[in-house]
Amino acid sequence: MASKFPPNSLCLKIMRLSLEEKRNLQQWLEAEIKHEQREQDKEMIAESATVKPLNVSSTNSAIVESCSYEGRTYQLERRRCGKKACKCVGADLRSSGHGPYWYAYWKESGKLRTQYIGKRAPWQESSS
1 MASKFPPNSL CLKIMRLSLE EKRNLQQWLE AEIKHEQREQ DKEMIAESAT
51 VKPLNVSSTN SAIVESCSYE GRTYQLERRR CGKKACKCVG ADLRSSGHGP
101 YWYAYWKESG KLRTQYIGKR APWQESSS
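Be aware that the sequence shown starts at 1, since it is given in my numbering, and climbs by one per residue.
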């Protein structure tokens with residue numbers, strides 16, 4: 001049977017690999033794709049770091065950082081908890097507020113929605 005691939009093509013070389021070699025290649029490719037996707041996401045974040053945040057600031061939060069990712073605005077914020085005896089009451093939020101924590105903001109049906117994300121931004125690698 002004549003091959004439809006040129007003699008030195010990558011496809012032919014892969015076809016000649018053993019099953020174990022193909023599995024190893026697959027694992028390597030999956031890891032490489034994940035790595036490249038993370039790098040691409042980091043580049044997109046760096047490019048969008050100048051995006052203006054939505055007007056969500058209040059006297060109980062201070063925006064430390066803001067960027068856009070996957071159609072939402074993400075803000076790293078320090079916040080006041082509201083407890084009268086807490087260290088954050090009456091102090092400068094940038095130095096003594098709680099956090100910083102990531103929050104996501106987006107518009108849905110004309111309403112501003114918010115979601116607590118936590119200490120790690122969604123584009124950051126997991127610690128596993």
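Because the hints were derived from the structure by calculation, they are not lab data. Fair warning: this is a prediction, and the values are worked out from it, not measured in the lab. Please note that the accuracy of each hint is not assured.
[As the list claims (entries may be wrong)] In silico DSS-like cross-links for lysine-lysine, where the CA-CA straight-line distance does not exceed 27 Å:
(1) 4 / 22
(2) 107 / 42
(3) 22 / 34
(4) 83 / 42
(5) 119 / 4
(6) 84 / 119
(7) 119 / 107
(8) 13 / 42
(9) 87 / 34
(10) 42 / 87
Problem - Hint check, failures only - result: Numbers 4, 5, 8, 9 and 10, in rising order.
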